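A.B. asks: Sequence:
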Amino acid sequence: MRQRPLSTGALPQTPGYLWTDEGAGIGGLDWARGADSVAARIPAKRPAVTQTAQPRISRQIAAEIGARPEQVAATVALLDEGATVPFVARYRKEATGGLDDTQLRTLADRLAYLREMEARRGVILESIRTQGKLTDGLEKSILGAETKAVLEDLYLPFKPKRRTKAMIARENGLEPLAEAILADRAADPEALSAGYLNEAVADVKSALEGAREIIAEGLVEDAALKAKLRAHMKEVAQLQASVLEGKEQEGAKFADYFAHSERWSGVPSHRALAMMRGRNEGFLALDLVVEPEAARGQSAAEKMVKRALDVGQAGKGDIWLDQVAGWVWRIKLKLSLTIDLMTELREAAEAEAIRVFARNLKDLLLAAPAGAKTTMGLDPGIRTGVKVAVVDATGKVLDTATIYPFQPRLDVQGSLAALEHLVRKHNVALIAIGNGTASRETDALVAQMLGKLSGARPAKMVVSEAGASVYSASELAAREFPDLDVSLRGAVSIARRLQDPLAELVKIEPKAIGVGQYQHDVNQSALGKALDGVVEDAVNAVGVDLNTASAPLLARISGLSAGLAESLVAHRNANGRFASRKELLKVPRLGPKAFEQAAGFLRIQDGKEPLDASSVHPEAYDLARRIVSATGRDVSVLMKDPAPVRRLEPEEFVGGKFGLPTVRDIMAELEKPGRDPRPEFKTASFAEGVNEIRDLKPGMQLEGTVTNVAAFGAFVDVGVHQDGLVHVSQLADRFVKDPHEVVKAGDVVKVRVVEVDVARKRIGLTMRKDNAGDAGGDSRGGRGKPRDSQGKSGKPQRGGSAGPKKSAQEPGGFGAALLDAMKKR
1 MRQRPLSTGA LPQTPGYLWT DEGAGIGGLD WARGADSVAA RIPAKRPAVT QTAQPRISRQ
61 IAAEIGARPE QVAATVALLD EGATVPFVAR YRKEATGGLD DTQLRTLADR LAYLREMEAR
121 RGVILESIRT QGKLTDGLEK SILGAETKAV LEDLYLPFKP KRRTKAMIAR ENGLEPLAEA
181 ILADRAADPE ALSAGYLNEA VADVKSALEG AREIIAEGLV EDAALKAKLR AHMKEVAQLQ
241 ASVLEGKEQE GAKFADYFAH SERWSGVPSH RALAMMRGRN EGFLALDLVV EPEAARGQSA
301 AEKMVKRALD VGQAGKGDIW LDQVAGWVWR IKLKLSLTID LMTELREAAE AEAIRVFARN
361 LKDLLLAAPA GAKTTMGLDP GIRTGVKVAV VDATGKVLDT ATIYPFQPRL DVQGSLAALE
421 HLVRKHNVAL IAIGNGTASR ETDALVAQML GKLSGARPAK MVVSEAGASV YSASELAARE
481 FPDLDVSLRG AVSIARRLQD PLAELVKIEP KAIGVGQYQH DVNQSALGKA LDGVVEDAVN
541 AVGVDLNTAS APLLARISGL SAGLAESLVA HRNANGRFAS RKELLKVPRL GPKAFEQAAG
601 FLRIQDGKEP LDASSVHPEA YDLARRIVSA TGRDVSVLMK DPAPVRRLEP EEFVGGKFGL
661 PTVRDIMAEL EKPGRDPRPE FKTASFAEGV NEIRDLKPGM QLEGTVTNVA AFGAFVDVGV
721 HQDGLVHVSQ LADRFVKDPH EVVKAGDVVK VRVVEVDVAR KRIGLTMRKD NAGDAGGDSR
781 GGRGKPRDSQ GKSGKPQRGG SAGPKKSAQE PGGFGAALLD AMKKR
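At position 688 of the sequence shown (counting the first as 1) the number is 688 in the UniProt record's numbering, and the numbers step up by one without a gap.
Treat the hints loosely; a few may be bogus.
Said to hold, decoys possible - Calculated pairs, DMTMM-like style, for lysine to aspartate or glutamate (alpha carbon to alpha carbon, straight line, at most 25 angstroms):
| id | residue 1 | residue 2 |
| --- | --- | --- |
| 1 | K750 | D665 |
| 2 | K159 | E179 |
| 3 | K672 | D545 |
Hints were generated in silico from the structure; no laboratory data involved. Computed from a prediction, not measured in an experiment: that's the story for all the values here.
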């Protein structure tokens, strides 16, 4: 009779072990959640990676980002030398083959992950080798593992463990019993057990339980079996949500998931995070259900476990092993793999949410600036009054005030007079009104004031005040406005963010800006790193004026840290404006490397060197002058009239370390020096008389501003204190897979009201020109399209909620272990 080897003996049988799933292996849960270690920049102290591993890493990353291995290898070398992503993307195109900043960010993230994984691979190999258990097959499997989860599955049988029931059973002399049962299937396990009783094993029941634990451990540590089961669960498992008993009213915002079921493999990120939030807040129970219709012992999963034990029909041993296989599946493997899959679902959902947040933040940062104009900022409030600040074209505070046009003071006339006085006194050109509480009332007040003015009137617009209160109370704001009341600093921020959103928003922690889908539910460290990369890329894409930029803005420039930025500003304050980029080298602690990384992104207007006003890097000035010389013009003249540049052939200037990409970039810059990639400024005009959600009626045509874009649609501010949702199906008269194809945060769009639910504060909007949206849209703000659990036939629809609403006494059948897999970090 064939005997199945126990525990570690099973692993060498899988030399072709190559999985690609990203689930966190049970043995590696502690560190497999290592999103925190994925950095936008490569850490100075990297995990040790062998020379043979780096080419493998380059090949893998190249396949993932659609590049050649040599492009990746060249980029890795630059990053290892301390180059930043913006610098490499802009000034090292010859080396990278033209990889863009998005590809480079992905490359840097994956490089950190894979290097950490390679270091872990080395530790695992050395550990098993030291134990004297490393076979050729096992080594090949470990070297072929493509994820951390797979590595941990392979390492599990050899990993030092706490004292387990299987260990105790072995200590009690029961391993020979387990081997005897596996070897002789015709024998009666109870009869065999009689020969293994001793002081520690009092009876047959205890003996068989010990043998079962030993066999179970071998199954749980069988990487090949777990691979098959995991793949099977991914294909057939259903994620089920139900309301906890007595939580129906309190958890009403999760009502869509009170009796919800859909296939695990098809759960979109926003629904996954919504259900997990409901679970974490104590309103929902979540279970992963596998083949619920299968009779006990007949599921495909249990059959896989039985095959792993080679269970047959020979005798009582097979009957006992059949029961053991079912028990191992239900009690051990299903639970561990459920945690595995729920962890994978959460991590994938978080990664997608972070990508959405990053795209929205980029859109906000690169929103059109209103420009250098005297601007009044109003931070609306009712009881505490409306805070007013006027800043000049450079953002310097000229005046402040607090007015009280609303209850309880209701000083409308005094407020109008104060606003009119400030507008006339400072010749205000723009008025920015925060979009928070009392925004529409304040907007109406300003409109009334403007009606009294003769001649040219300032333009007014409502802007997002997200994060303004965070900035007001920050240490940075205190240093910038030590003598200004905290409440007035928000008004200053609102005025400045209209003038230049990028310059002002960089002062606020990106997470406080609030344009992310379930931003507080995701890995905060991974979110922070992703957003820092977005801010860095946005600032460097635009460039900054070296003589006017604030320290927070300079700190986001390639090669500069917060400390260097402060040092640079201090030098500027002490010595006056910079006349050339070369003078950067006079700034304390700003060395050649920082100069190389930063200089091209810092602009100097009206300086000694005309090229300093462009994005041409100082290292390429000689090349730029050769191009200018070929036109027969002076550089300063050419930058004002670039027509002669267009007649040149870029190939004529290729040579040395500068290839065609750099030549073309320089020629483009000479045609339009210091070009700003941001769009032209425009604003939405809110409908008169529409101030509250109760003023909305289906069929209304409105103009609004896109505030946030999610996987399921776009949120639009139409001026009623509650954003409406344009579901992805309502964005256009065609199929839209990704809402970002149609809109981005900051866009001004025309919408039609489809549905209004005042009680639940939900507004359904459509951008379709046909009437398809009028049949009903999704106004749920945070979830996908409404899902009717019953189709026309009366049968539950696939992927939707099925069956009547039900309650659960406990948070899911898997209890605390499942909660741990889904909890917030």
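A.B. asks: Name the hints, by number, that the structure is in violation of.
C.D. replies: Hint 1 is the one this structure does not satisfy, whereas the remaining hints hold.
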